[in-house]
Amino acid sequence: MLVTSILFLAYGASPLQAYFALFHEPFATLRGFGYSLVRTSPLALIALGTIVSWRSGFAYLGFEGCFIIGASATAWLALLTAPGTRLGPIPFSLFLPLAILFGFAAGGVWAGLVGLMRARLGGNEVLISLMSNYIAVFILQYLVSGPMRAPGSLPETRLLPRGTWLPFILPGTRAHAGILIAIAAAILVWMLLQKMPLGYELIVTGFNAAAARYAGIDVGRRILLAAFFAGGLGGLAGMAEVLGSQHRLMDGISGGVGFVGIVVALLARLNPIAVIPTALLYGGMSVGADAMQRRADIPSSITFILQSLTVLLVLAFDALRYYKINLHVFPGRTPPPAAQEVSK
Amino acid sequence: MSGQQFALTAFVVTWLTASLRLAGPVLLAALGETFAEQSGVLNIGIEGTILLGALTSFLVTLYTGMIWVSLLAAVVVGIAANLLLAWMYVTVRASQVVAGLVFNVLALGVASAVYRKALGDSAVPESIAMFQPLHIPFFGKLPVIGPVLFGQTILFYLTIALAFASNFVLFRTNFGLALRASGENPAAADSAGISVSRMRYAGTLISGAAAGMAGGYLVLAQVGLFRESIVSGQGFIALGIVIFGRWHPLKATVAAMVFGACDALQLSLQIFGTHVPPQLLLALPYIVTILAISGLFGGKAVQPAALMTPYVKD
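Those sequence lines, one after another, are chains A and B. Counting from 1, position 137 in the first sequence corresponds to residue 137 in this note's numbering; the numbering is continuous, with no gaps. Counting from 1, position 1 in the second sequence corresponds to residue 1001 in this note's numbering; the numbering is continuous, with no gaps.
Isolated chain B (complex conformation) (with noise of 0.2 angstroms):
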């Protein structure tokens, strides 16, 4: 093997196991946000409940060490957090966009107050215990496929096999034909006999949960360590991969590959050294996202039909 190629394969290798690590947490807030969207309701407070999930499972592996347990109180956060959220979607009937989008500055505010309360002001901020990519046997050894599929951590295929079980529960299930019933004529789901709001209750605290886990995600198998500016945006981008995968987990399960991809290669093209300015390649998904829900390619024909409606029974 010659030098270049040898360089290349490495490039490639690197950029594909990124690829797939950097999609993860959003590919699992995109999974329970397609729950919340079947259902009727765009939780745009996906955003605030990662940031609390993150702090909630770096919090609590700092004082327990514990990471599984750190995993389910930030799921258990994400739950509580998207109470209040379903109360304002779905009892009080708010805007979604603006319960959803003023929830997300409270969730900041919070993260931030706790986490000063806890740690006090230090500067050096503490990093703790995470996943560790799994060493499979003979599979992980295999060239190019076995550090890229085989090397990941147990978050990641925890995730791919949620997205399977979402596909299950969504379109072979007799819950998830009602969940979207409720999203798609929740007038006509109302006299089957199924009860609308409990419904989007559902979608919008299955969302959260997975939006909690998915900061714990991010926490506890990539960054290691909590900052404010840690989501910075993953929530929204996880809401384009909703749309860009048609509302079909396993469609969005590739469109999150998609974007970690394009994530991914922003950060191999840095460590490579290139002329071109960091942050035009930063801009990548968000430019991706943007173009992918443009309506360029469709879309609207496929979206819940009542999405953003809330539903007044007569």
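Excised from the complex, chain A in its bound form (with noise of 0.2 angstroms):
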């Protein structure tokens, strides 16, 4: 706080003003809360799929791609389903559980590769999975310039048709029912975790590997179905922005997103239901920062840089104490001893 005060001094701006300006627009308006909750969903949900994969043990860094191929193969269905079309349209009670399922599968496949990398031939997946963001945004970019270009200037393709589109929910806003997917799905990964005996399974494996393999888990299943779910909600992430944001495919429609669900994950310290909270104050200060570009004329990469170093205290004040303090993120619903060892 008190170094980004600095920054903000450096650009001739008040730092109270500019941070009623970062807070001010995205919590205390009804359209700016609106806002929030659209960049909420993908964080979230990205957010989840690292606490899933990084608690077995598979060091997952591609979600940036898992949202695109997510994305894309849901406008794809989207476009496929359109009026008109061979399919014709078909009633949103069936298109949205297949629209789910679809983005879930290839955010899934399209992780379980790397998995399967790791899992198989001990390939090294940190470096694999950033690498495989660059050819999901290759084959993005082929995809809205080739085969799914609409006639236009832009590489983009057609809106999607409206059938396709996630309801809004809060009426005046853009907010949208991805946020409520994001809701679900962080229950839904809370209880894989801690109440189910996969969940516990995979916990052991991202523990202790050797462990797990002596009490008879098969370790490369275990990796490569993390890597399918991490994936996958990474993909359902792809899934809210397309179909609840912008309503077509683009180019750079990921924008760093993949990356910044990671950081989300990590400061709400790999708890699934820590995460809707603290994802809601960054997707905040997103939209917070560009109110703040529009009023102080700062430039919103100051943002970037006030998150870096917020994630960099964080883990050294963390590193530094050394187990000595039990930081609860929420008093009343404290996770199982099990979960904070594992964060560490």
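Mixed in with the good hints there might be a few duds.
Going by beta-carbon spacing under 10 angstroms, a handful of chain A positions derived as facing chain B [stated by the list, open to error]:
hint	residue
1	128
2	299
3	304
In short, the hints are calculated from the structure, not lab data. No residue lacks a Cβ here, since even glycine has one placed at the ideal position from N, Cα and C.
Since each chain sits alone in its own frame, please combine them into the complex, following the hints.
Structure representation (structure tokens):
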């Protein structure tokens, strides 16, 4: 906070004013809050994917790619079922589950390939997943400038048919049902990791792969499964963005959300329930940053600095204290001790 | 010489020249990264460091016009930035993946904020003085080999010299031995009286210096201007080269040439006009990297054993 205040001063703006702009618009105005929710849904879904993979010992960083693949697959499906095409318009109640399934599977398979390389060949998932992001970007560029391109000067698809859009949930704002999907996913991930045997096996795999193997858990298969779930959540994030907010597929649709989502997961200490408020804070800050750029003429890239410095400080603070303090994110709903040990 | 033959020769010369030209910066970054990884630190932050180095050399050249000074400035900034990273990796013992990744976001924010502060929102990027290709007498006149091997910028020859120097330092000096011991078996190195922390700081700072210089190389010998997207994953490709090169400077040099060749092939084919979608060619270097590090060709066995493992002294 202090460092950023100095940064604000360097731009000739009063820190108080800047912070006011950063938080007033996204949280104190209805319109701004709607935008905050729009930014929150993909962040939260990607953060949940991060939690599933990282707690299973699979350091996946390819959510940018999953997001793009999920978004592309959903857009393709939506255009396929547009009125007048062969599949014709299908009712939204049928389309939505189909889209969720499809987006999830597309992202899951994309990440699953990396999981396969790690589980079967022993490749380094950190670097492979980073590279796979770039490949996804090129696939997207190919799609929107080639087979899926709409007539016009911009590389993008046609507007998706209205019948495939996610419903808006707050009247007068752009907030869409993606946030509900994110909340449902958070609860499901929490149940998976805390209440189900499979989740326990995933966590054990992440905590101590050798012990897991000794206990009879097929580590390779668990990693593959974790990769699939994580990628699927990343794909859902792409689906929510394309059906809820953009309503078409275009180049540069991801814009770094795959990495910010990972940061959100880390700040939420890999706790699926804490992801929702953290993502809301981050989504709100990015809305506020744009407002700040308009009003106080401070470049929005300052929020990159603010956000990353926060994480670095939290990391340093955490590690230097070394298990001495348990910061309870939610005083009333503390996750069981096992969760906190793993998150270290 | 028939017309077709002539066109083919021209194609090969353009291709190979571009291969070596493109290999330079990533090789430089990969050489530094080799030091970091041999000491036990996976420094993902080189992506951001290259960006900061590129910005520094661009701004310094813009204001002073002295390209060697700006290259030096990029190295200094690289070292300074990696002091923060080394502190996170070694002293704080944070997750190396997380710290490096977050640092890259930080570097992007800093670079774009500083660039805007310095130049405003001017739409037209300004270009600057650059290193020119050398013209070496006699050798430069040889067919094919002449322009390919003897028509590069001085930075290229400097990088090749650094590759041999790195090889010597890593495998023929006490410092290199101590560094590798810290990455292979830190507890043993510690009991032999080596300061593991100091070695890892050294490895990280060397990679920072190299990455900063690689950024300068990119701007001063290849692009001539600055954009936020100038690095676009080259730091990550350097990480791939280190693995492909089996944590060995000379093998990394060969690996970097292979990557440069892929990258250049895409450029050459685009110039000559083909029906292959350009995105497929653009993706080629990344696909090659993934295959190279997928584990299909082994690699786990030669990795420094304590890579990514923070060392806690008992």
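Practice task
Tell me if residue 128/A is really an interface residue toward chain B, meaning its C-beta lies closer than 10 angstroms to one of theirs.
Solution key: Check passed: Cβ of residue 128/A comes within 5 angstroms of chain B, closer than 10 angstroms.
Practice task
Have a go at the residue 299/A hint: is there a Cβ in chain B nearer than 10 angstroms to its own Cβ?
Solution key: holds, 5 angstroms
Exercise for the section: Mind checking the CB of residue 304/A against every CB in chain B and telling me if the closest is under 10 angstroms? Expected result: holds, 3 angstroms
In the structure shown, no violation is registered for any of the earlier numbered hints.
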